[in-house]
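So the protein lines, in turn, are chains E and L.
The letter at position 245 of the first sequence is residue 265 when you use this note's numbering, and the numbering goes up by one with no holes.
The letter at position 13 of the second sequence is residue 74 when you use this note's numbering, and the numbering goes up by one with no holes.
If a hint is listed, it holds; no wrong ones were tucked in.
Listed below are the simulated SDA-like cross-link pairs for lysine to any residue, each with C-alpha atoms no more than 20 Å apart in a straight line:
| # | chain 1 | residue 1 | chain 2 | residue 2 |
| --- | --- | --- | --- | --- |
| 1 | E | K28 | L | I131 |
| 2 | E | K118 | L | N179 |
| 3 | E | K28 | L | V97 |
| 4 | E | K184 | E | Q281 |
| 5 | E | K118 | L | T175 |
| 6 | E | K118 | L | S176 |
In case anyone wonders, no lab produced these hints; they're calculated from the structure.
Since we're looking at a predicted model, the values are computed, not measured.
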Amino acid sequence: MKNWIRWKGLFGFAITVLLLALFFVLFIDGIIKINIESAASRIVGAKVELDSADFHFYPLAMELGRLQVTDPQRPMRNIVEIQKVSFNLDGLNLLRRKILINEMQVDGVRFDTPRRSSGALSQAGHAAGTRASEKAKEKSGRLPDIRIPDADKILAREDLTILKQAEDLKKNIGESQKKWEAMRKKLPTKGRIDEYGKRLEKIRKINVRDIGQLASAVKELNQLERDIKADLANVDRSRKQIKQDLQKLDIQVKALKDSPQQELRRLLDKYSLSDDRLGNISELLFGNRAKKYVTIALAWYKKLEPLLAYVDIASEQPQPRQRGRGVDVRFREFNPSPDFLAREIRASIDTRAGSFSGKILNLTNEQNLIRKPLTLNFAGQNLPGIDSLHVAGTFNRIDPAEAKDRLKLSMKNYRLTEYTLLDSVDSSLSLDRAKADIRLDAQRINKNIMADFKVYIHAIEYNTRDSENELASMFLSSIRNSREFRVDASLQGTLESYTVRISSDMDERLKANMKKYMDTRLAGFRKELKEKINRQVGKSVNEVNLQYANLQSEVEKEISARRNELQKQLKSVEAEIRKKEKQATGKARDKLEKNIKGLLDKYK
Amino acid sequence: MARWPPTNSSEESHKKQVTNVLRQITRLIKALNSDVAPEQISLAVSFAMIVGLTPFWSLHNLVVLFLVMILRVNIAAFFAVVGLFSLLAYLLDPVFHQFGYSLLRLDALNSVWTSMYNSTIWRIENFNNTIVMGSLVFSLLSFVPVYLMSLWAIKRYREQFMVWVEKLKLTRFLKIQGLASTIGPHIK
Numbered sequence: 021m022k023n024w025i026r027w028k029g030l031f032g033f034a035i036t037v038l039l040l041a042l043f044f045v046l047f048i049d050g051i052i053k054i055n056i057e058s059a060a061s062r063i064v065g066a067k068v069e070l071d072s073a074d075f076h077f078y079p080l081a082m083e084l085g086r087l088q089v090t091d092p093q094r095p096m097r098n099i100v101e102i103q104k105v106s107f108n109l110d111g112l113n114l115l116r117r118k119i120l121i122n123e124m125q126v127d128g129v130r131f132d133t134p135r136r137s138s139g140a141l142s143q144a145g146h147a148a149g150t151r152a153s154e155k156a157k158e159k160s161g162r163l164p165d166i167r168i169p170d171a172d173k174i175l176a177r178e179d180l181t182i183l184k185q186a187e188d189l190k191k192n193i194g195e196s197q198k199k200w201e202a203m204r205k206k207l208p209t210k211g212r213i214d215e216y217g218k219r220l221e222k223i224r225k226i227n228v229r230d231i232g233q234l235a236s237a238v239k240e241l242n243q244l245e246r247d248i249k250a251d252l253a254n255v256d257r258s259r260k261q262i263k264q265d266l267q268k269l270d271i272q273v274k275a276l277k278d279s280p281q282q283e284l285r286r287l288l289d290k291y292s293l294s295d296d297r298l299g300n301i302s303e304l305l306f307g308n309r310a311k312k313y314v315t316i317a318l319a320w321y322k323k324l325e326p327l328l329a330y331v332d333i334a335s336e337q338p339q340p341r342q343r344g345r346g347v348d349v350r351f352r353e354f355n356p357s358p359d360f361l362a363r364e365i366r367a368s369i370d371t372r373a374g375s376f377s378g379k380i381l382n383l384t385n386e387q388n389l390i391r392k393p394l395t396l397n398f399a400g401q402n403l404p405g406i407d408s409l410h411v412a413g414t415f416n417r418i419d420p421a422e423a424k425d426r427l428k429l430s431m432k433n434y435r436l437t438e439y440t441l442l443d444s445v446d447s448s449l450s451l452d453r454a455k456a457d458i459r460l461d462a463q464r465i466n467k468n469i470m471a472d473f474k475v476y477i478h479a480i481e482y483n484t485r486d487s488e489n490e491l492a493s494m495f496l497s498s499i500r501n502s503r504e505f506r507v508d509a510s511l512q513g514t515l516e517s518y519t520v521r522i523s524s525d526m527d528e529r530l531k532a533n534m535k536k537y538m539d540t541r542l543a544g545f546r547k548e549l550k551e552k553i554n555r556q557v558g559k560s561v562n563e564v565n566l567q568y569a570n571l572q573s574e575v576e577k578e579i580s581a582r583r584n585e586l587q588k589q590l591k592s593v594e595a596e597i598r599k600k601e602k603q604a605t606g607k608a609r610d611k612l613e614k615n616i617k618g619l620l621d622k623y624k
Numbered sequence: 062m063a064r065w066p067p068t069n070s071s072e073e074s075h076k077k078q079v080t081n082v083l084r085q086i087t088r089l090i091k092a093l094n095s096d097v098a099p100e101q102i103s104l105a106v107s108f109a110m111i112v113g114l115t116p117f118w119s120l121h122n123l124v125v126l127f128l129v130m131i132l133r134v135n136i137a138a139f140f141a142v143v144g145l146f147s148l149l150a151y152l153l154d155p156v157f158h159q160f161g162y163s164l165l166r167l168d169a170l171n172s173v174w175t176s177m178y179n180s181t182i183w184r185i186e187n188f189n190n191t192i193v194m195g196s197l198v199f200s201l202l203s204f205v206p207v208y209l210m211s212l213w214a215i216k217r218y219r220e221q222f223m224v225w226v227e228k229l230k231l232t233r234f235l236k237i238q239g240l241a242s243t244i245g246p247h248i249k
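Same shape as in the complex, but just chain E (with noise of 0.2 Å):
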């Protein structure tokens, strides 16, 4: 090779660089638009499209026209629709592969717009978005029924249990009769009782002036006076016994007396006609609802936190790579600065209740070199829909391990139109303009998240539809006859793991107006059905009363008559006992005294 250097080739090389360059300036364009479309449809799972794309060479900017993203669930909608999004760009940085925008203007934010063709990336996706919005329109389920049986059909199918009880009782009540009998038997008998009178008579004819019948009576007496207190003793104990029974069945007797209530009761409850049917209105209403927007939120929460903080990817585990791709391994900066960062976004959203508009700081996936948390903050005064709107959040991963994020929302008089809470099968009820009181105050720290959501709607107008269910009818009618209620819900758990509470001051009132209204249609039945078990029933109940009212009457007949005979018998042996005492006493003073008496006569 005489001559290594080919002048020539520095004209080629010249305009091989100027045709790259003019590439890049006319299609430039169209390669970011495709780079945003893909990598932004990657991360919603459903396409987003760009009309179009404006790079500007000098002063560094772009402008991107009317953003479409479709919402992966309904695929001919759009979640979020931006009209025009424009921002200037970090000339030097951007050569460093960095986005620094200092100012972006976000015009024309709208979300759920509908869509001209399927967003959908695939076939499948489209056809699953298509079932997951027919499943979304599916009425709820029928409200309950009331639907007024015949009493006699009702107690020919049951068998009522207070028949059994009454049986069950009068086999208990004839066992404690025979166990009664047998121990009336051991009772002292009247002839008994007798002799004791008989004993005592005889003692008392003897001759008081005998010292030694004296004391012979009086030994007597005491004798009587042990097998007197022996009878009580045993008269006792049988009375105590038999007393225990009688406390047994009394109980059982008042139950069974309180039966047919019971009864009465148990056969409402089954045949559906108790009045605490309606159990958490506000679930019936709003559960559905809630749950598929918390649902909704989390999973876009969870979508977009990759842009809260970043992966790192040439951490301890390689990442997965595409094909040709490689990795980006990332060394420390001198200066450190985000791969991307919007310093502040200026956004306007437009919604049917009017447009308001707000600011979105530092959002960038690497908080900690900017040591500042994104913050957003959107207001809006006297829009045609809301007298007020305020939504401030703050969310931060400065350091990147801990998580603690908070979205605060406060709406004044949002102005609801053919709002729907329940489109059952036989039913529908809707505000047909209400207003309403919003605050959301939702958390996360770390793995936890909590929200507390309050709603008070008042000033509604009502739109509902009412069938044949005599139960969703008054459900309805009860529900129109408040102008106002409160719906609050809460949750709390982790992001795979939650749950939903809401509860509404509706719940209690309906409650009430349910028991009214049951009581007043369901009188007449409840009446009826009541007569027709007492009728029923009242026969064995009746005779199980008599049975236990005999015994109980004959026992204590019985016990009273004996006891007293046998207190009257022991009263006068003891009277006899203490007269016989005195008189055996003087006896033997009078003959001491006498013996005394003569032996002093003696030695005189």
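Based on these hints, arrange chain L on the given structure of chain E.
Same frame as chain E, now just chain L:
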């Protein structure tokens, strides 16, 4: 009207690739059989290796292109061999990734990489990408050996095989094929 036999897009792209490869081989044979200096062809092969093995849209490829243009390198051979090395690059992708990854994670070189990472020009070069690093270092290290080997091979070919290859039916076929694929679309 339906075509028979039925073709689909992947079948067509496969056909296109085969035609491309055939065209590259024809060009290479043409260059080898011409009176171009073997050094020019070997240098073209070495430069083509860099462009072919490393990601095409890289800054260093602009430098290579500049060198290819300014130095007396056989451009036809260069473009012919770029295609062949691109195919090889696809096969060697996992090797380049692993090689680049281990180089970039090498503690001894960390300070070098860090200072390069903080330089705009190197960031444009995207040196911190595992494939760029692996394939570039591999092709730079192979540059001289490939140059010497291809120089020796071209000389041997011209001395011993060129006449025989010229006579081969396959060579004639490739030449016709190459001609057809080049001028075919224009005749139509």
